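Below are the chains, spelled out letter by letter.
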Amino acid sequence: MQHKGLLELTSVSRHFGGLAALEDVDMLVSQGQIVGLIGPNGAGKTTTINNITGLDHPTSGQIYFNSQPIHKASPHVITNMGIARTYQNIRLFGDMTAYENLLIGQHKRGEASLFESIFMLPRHFSQERELKNRATELLERFNLADVADVKASNLPYGDQRRLEIARALATNPQLLLLDEPTAGMNPTETRAVGEQILQLRDEGITVLVIEHDMSLIHQVCDEVYVLNFGRMITHGTPDEIRQNEMVIEAYLGTDEGN
Amino acid sequence: MGALYEAFLDLTATVGITEPVLHGMLIAAILAISIYLTLYTGMFTLANAGFMAIGAYVSVLLTQQLGWGLFPAILAAMIVAGLIAIPIGLPVLRLSDIYLAIATIGFAEIVRILLLNFDNIIKSIIEGILASDNEALINRVMTFDANSELLEIRQLTNSVRVRFELIEGARGIKNIPVLTESWMLALFIIILILFLIRLHRSRFGRAMAAIRQDETVASNMGINVVYVKNVVFVMSAMIAAAAGGFEGHLNRIIEPGAFGFDRNVDILAYAVLGGTQSIIGPIVGGLVLEALPEVLREVKQYRGLFTGIVLLGAIVYLPNGLVDPAGVKGLFGTLFSRGKSKREGEVDAA
Amino acid sequence: MELFLQQNINAISLGAIYALFALGYAMVFSILGVLNLAHSAIFMWGAFVGLLALDPEKAPLLINFILVGTPLTVIGMVVEYKFIQPGMNYTRSLHLAIQRLIALIIRVIWITILALIGQQIFIQLMPYFPETLTILPVVALIFASVAGGILSIALEFLAFRPLRERKADRLAQLISSIGAALILVNIAQFAFQAVYGRTEAFYPRDVTIFGIGTDPITLGALTITPIRLMILAIAIILMIVLQFMVQRTQVGQQMRAVAFNEKIASLLGIDVSRIYILTFFLAGAFAGIAGILYGMTFLVTTPFIGENIALIGLTAIVLGGLGSIQGALVGGFLVALIQTYSVAFGGSSYRDAIVFVLLFIMLLIRPQGLFGQPEQKRA
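Residue numbers (the numbering used here), protein chains in the order written: chain A, 2 to 259; chain B, 12 to 361; chain C, 18 to 396.
Hints in this document: simulated from the structure, not taken from any laboratory.
Among the hints, erroneous ones may be present.
Unchecked claim - Calculated Cβ distances over 12 Å to all of chain C for the following chain B residues:
| id | residue |
| --- | --- |
| 1 | 13 |
| 2 | 23 |
| 3 | 83 |
| 4 | 123 |
| 5 | 188 |
| 6 | 197 |
| 7 | 198 |
| 8 | 200 |
| 9 | 208 |
| 10 | 263 |
| 11 | 312 |
Said to hold, decoys possible - Okay, the calculated bits of chain B under chain C, using three or more residues with CB under 8 Å as the criterion:
| id | region |
| --- | --- |
| 12 | 109-115 |
| 13 | 265-279 |
The structure presented is a predicted model; accordingly, all values stated were derived computationally and were not measured.
Cβ atoms here follow ideal geometry from the backbone N, Cα and C, with glycine treated the same way.
This is chain A alone, in the form it adopts within the complex:
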């Protein structure tokens, strides 16, 4: 059966005992789109991403990526299929340098086998050079070139956020999932991240972004999905969402959005 779009969630539910973190969620992300996922805290946004990336599995429902079912797959398989993510609380490899983080991100691109590495066969060296070049490229692109040898945990916050995105890119994804990439940033920095997301789309990467900052949503998203208490209450363009009563009600009483 052919499935539409790049990523499709069908009736996905995730129950923890009696608690429903996700209930009957449908979502469709097409190639080349930038899709936003919003909702109050605890709505289930990160749970959704965890289920897409294989860290968690739905209790029921299906998830398809490029028409392949991924709702039961292991995380590394899903990454190898072309999905990458960043984390809400930054999870860099803290004791490794920025450069090293980017090397690890490219793990799936490496083709030299362990045997070749151990016996120092040529393919190991050519491979390493390629990886190094790509890492350097990414460092430059994200303005991290001068902190390449700094331990990730010692980097300033903004650099860490950018490094997270750079590392996710290093895995060569088709679909990039960003979990609150602008948390703690000021409007200028937020705008810059928005520009980068748009540029990613120009390079052919589809993006799904979880955000609380509505200005970013407006800046980059073609379509927005709204979660509340584990249910997808509506979706549409940013303008439609802004005027949607259910959405406003969901956010009432909290200081989210604008």
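Based on these hints, arrange chains B and C on the given structure of chain A.
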């Protein structure tokens, strides 16, 4: 070469390190490397003594009964241990930290108890075969003679005869040919170190370090965590088995008691004392822990107490162990520093 | 049929001892989150202290030691926390490891000095103390449990607290407890040598607790040693008392709060540090009593009985669920039953192996045990 070695031994003997002690130190270094691999990947497994036992018994079986040379016997023992490690690792490595520790301790103890009873086990198997109707099998096991001193299984169709001289009570094996020599151990260690250096600079080595840092994120980077962990576990088992094989051919006897929980604690102590930040750490830990009780003769009778104090003291006061590359780099600038290896992406496990 | 019943009775009284021991394990794990592998060494010391207290010749030694040792320990702890801290910067320019080695050496030196002072004091005081104080087994029980509790607190201060303060992970604390266990066992070996001249000692056969002794009562084909029933009764009473304490008293409530979430508990004003000490004391006391009861059941004590029971206790709490107190209880009885049956039917050489295999299987199928909660992965 031999004269150089003799001279070296004379020198070390002055501080109390005689040849047997040197052997012990080198074997400790090999064991330390085996636990280094798993710790570098963030796995706290204490199964090494169990695999060491397997290595010892299998290699002794081959040299003593089938007349194999030492190197092929050890190689075979390593392969057997590796094969056993696979079905053990697959279910067990899914467990997280302390559950994993408990499971692997349990495994090592099971191995020890099985070995303690291995004559009974073989006896039961043979009785089972004789009682069955399987002609072919019965012909292969024509007679057997098991008392507590001798366990002999004879096969009349060809001249293979398996004959274990057991130690009564301790269920060990005696009259093992003494085959191991220091140069073999040293050579093996050098090979291992070279292997480890290449490992650190490979994609696989980086994956190991990533898993140690953050297993979940590592899997999101496309690293097949289960595969890497199992491979590392198997490697560690094989190295421990080699250590067991070498040790088994040093003292003419082996007994299951030498491979119990205490052994595991010793091996752990090598890694804790030496530190697991670099390859040298556990090796230094192993050498030091084996040498010190000999060098400080007063400590020798308090061997167990000494190990306990070292373990407790090191984990509380020297969390990074004696060999701390960050500190060492500041003072010297070593082979393992970042500058040289930038051309190949070596990565710190920290 | 009689054999079945007989085995059951043996198993249950053994199970009570195992359960007491496992309770301590489970308590520490649920409230502190660490597995204390030195718990079994405390058990062994409980048996040893209990034996000393029961022996008319050695008992006065023990009392003297406690009367002198306790104030010295307290002084030592005060000195420790006022003047010596782990990780203190002795010289800024030295390599960090050397700094820490120095801290360690200083600690060892003052502990040795304290021990020497203590030894001198009680040699001086010894002639003045009456010899008749102990002998009563009940007193011995109290001694054993208090000794266990104190040892356990010492462990907390030496092996766990420093690691907790630098936010070490629980594996480091596990390793630390392994080191501590090794130290305790080795010291016991020397103590046994010093007191008995060999590493084996026997409990008196005619111990009576409240007049109930070791003369077997025969009911039909069953032989019951009343003392075993007494032991069972003591164990059950203790467990009930513990249960009451945990569920009904305020302190128990605080313990449960800390077990649930240490941060929230401290925000609620609970003195978490004090709860930790109390937990260790209780766990150690239980281990100590389990030790002396074990000694009374099996009559022989060596420095190594801890090793046997360590894996048993581990299996018991894994079976029952690592964080669960009820689980530890159930686990203890289960293991005793399985052990007894496997000896009765299979022969004793595989008895321990069967317990380990059980442990192994449990970890693979259901690591959280019968009553525990599975651990969740979070992103």
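Each hint tested on the structure:
With 12 Å as the threshold on Cβ separation, the claim that residue 13 (chain B) sits away from chain C holds: the shortest Cβ distance comes to roughly 38 Å. A cut-off of 12 Å between C-beta atoms confirms that residue 23 (chain B) is not in contact with chain C; the least separation is 24 Å. With a least CB separation of 31 Å from chain C, residue 83 (chain B) remains clear of the 12 Å interface cut-off, as annotated. For residue 123 (chain B), the requirement that its beta carbon stay farther than 12 Å from each beta carbon of chain C is not met, with the minimum near 9 Å.
At roughly 29 Å from the closest C-beta of chain C, the C-beta of residue 188 (chain B) stays outside 12 Å, upholding its exclusion from the interface. With a closest Cβ-Cβ approach of about 27 Å to chain C, residue 197 (chain B) is found to remain outside the 12 Å limit, as its non-interface label requires. With a closest Cβ-Cβ approach of about 31 Å to chain C, residue 198 (chain B) is found to remain outside the 12 Å limit, as its non-interface label requires. At roughly 24 Å, the least C-beta separation between residue 200 (chain B) and chain C is larger than 12 Å, which holds for a residue marked as non-interface.
Separation of residue 208 (chain B) from chain C is adequate, the least Cβ-Cβ distance of about 24 Å exceeding the 12 Å criterion. For residue 263 (chain B), the condition that its CB be more than 12 Å from all CB atoms of chain C holds, with the nearest at approximately 26 Å. Not every beta carbon of chain C lies more than 12 Å from that of residue 312 (chain B), the smallest distance being close to 10 Å; the non-interface claim is violated. Residues of the region 109-115 of chain B with a Cβ under 8 Å from some Cβ of chain C number 5, which satisfies the need for three, so the listed coverage holds.
Proximity of the region 265-279 of chain B to chain C, defined as three or more residues with a beta carbon under 8 Å from a beta carbon of that chain, is established by the 3 residues found.
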